[in-house]
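Could you put the whole structure together from the sequences, leaning on the hints where they help?
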Amino acid sequence: MKKTFFAIEFAIVALFLLLPPLIFSSDSQDFKITLTPFAFFSLAAGLFLYFFNRKPFCSSDSSDKNINSIKKISVLTVSFGLLILTSVVFFAVQEILIKQNNPETLVPENAVEWSMALTALAFGAVYEEALYRFFVPQFFLFYFEGKAKVYFEAVSVLLFALAHFYLGIAGLLNALICGIILRVTYKKTKDLGANCLIHFLYNSLLLTAAAVF
Numbered sequence: 094m095k096k097t098f099f100a101i102e103f104a105i106v107a108l109f110l111l112l113p114p115l116i117f118s119s120d121s122q123d124f125k126i127t128l129t130p131f132a133f134f135s136l137a138a139g140l141f142l143y144f145f146n147r148k149p150f151c152s153s154d155s156s157d158k159n160i161n162s163i164k165k166i167s168v169l170t171v172s173f174g175l176l177i178l179t180s181v182v183f184f185a186v187q188e189i190l191i192k193q194n195n196p197e198t199l200v201p202e203n204a205v206e207w208s209m210a211l212t213a214l215a216f217g218a219v220y221e222e223a224l225y226r227f228f229v230p231q232f233f234l235f236y237f238e239g240k241a242k243v244y245f246e247a248v249s250v251l252l253f254a255l256a257h258f259y260l261g262i263a264g265l266l267n268a269l270i271c272g273i274i275l276r277v278t279y280k281k282t283k284d285l286g287a288n289c290l291i292h293f294l295y296n297s298l299l300l301t302a303a304a305v306f
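Residue numbers for the sequence shown follow my numbering, beginning at 94 and rising by one.
Please note that the accuracy of each hint is not assured.
Claimed, not checked - No farther apart than 20 Å at their CA atoms in a straight line, the calculated lysine-lysine pairs in the PhoX-like style are these:
#	residue 1	residue 2
1	Lys95	Lys240
2	Lys164	Lys280
3	Lys242	Lys96
4	Lys283	Lys164
5	Lys165	Lys280
6	Lys281	Lys165
7	Lys165	Lys240
8	Lys96	Lys240
9	Lys283	Lys242
10	Lys125	Lys96
11	Lys148	Lys96
12	Lys280	Lys148
13	Lys164	Lys281
14	Lys95	Lys164
15	Lys148	Lys281
16	Lys242	Lys281
17	Lys242	Lys280
18	Lys240	Lys125
Think of the hints as simulated: they come from the structure by calculation, not from any bench.
Quick caveat, the model's predicted, so the values are computed rather than measured.
Put into structure tokens, the structure is as follows:
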């Protein structure tokens with residue numbers, strides 16, 4: 094009965110959250126990051142997905158929660174560095190090899206726009222981490238009781254990458270590698286809040302770099 098309930102929940106999440114980015118591709122116009130009704134919805138959805146499903150999906154991880162603080166900081170530092178390195182590599186690949194015109198992020202022009210953009214990035218980080226790093230892979234591991242783990246991990250990473258297809262081939266590949274890094278980070282730390290933090294810092298750094306360069 095419990096598995097049936099969570100299967101229905103997953104079907105609803107797939108219909109309203111996972112499928113739309115794959116079916117309704119964004120246009121190729123430049124875009125500005127700002128607070129929208131969807132930003133608030135995404136924050137609420139992310140918090141619900143995590144706190145509602147944390148106990149049933151992560152009951153087997155209870156013995157791993159007391160991870161050493163130094164180890165956690167080390168994992169987060171390495172992961173953040175790998176995210177930056179990945180972004181630099183794929184930016185270079187796009188500029189040198191692919192040379193594809195992709196939509197660009199419009200830089201905020203004043204303090205109000207910056208505060209709204211950073212808030213939206215924070216909300217988005219919570220949403221994506223809760224959905225792609227926690228809910229999707231943990232549901233599969235819970236529902237199928239650990240069978241074919243690598244395939245379920247791959248599905249969650251691919252869904253995350255394909256949701257960024259509007260950024261072009263380089264953007265998709267960048268999201269693919271970053272998705273792997275962030276999922277491994279969560280598995281090492283069992284701390285989704287830490288994942289949200291480095292995800293937010295990474296996106297904020299990219300936005301700042303766009304403003305500077």
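Against the structure shown, which of the earlier numbered hints fail to hold, in ascending order? 7, 10, 14, 18
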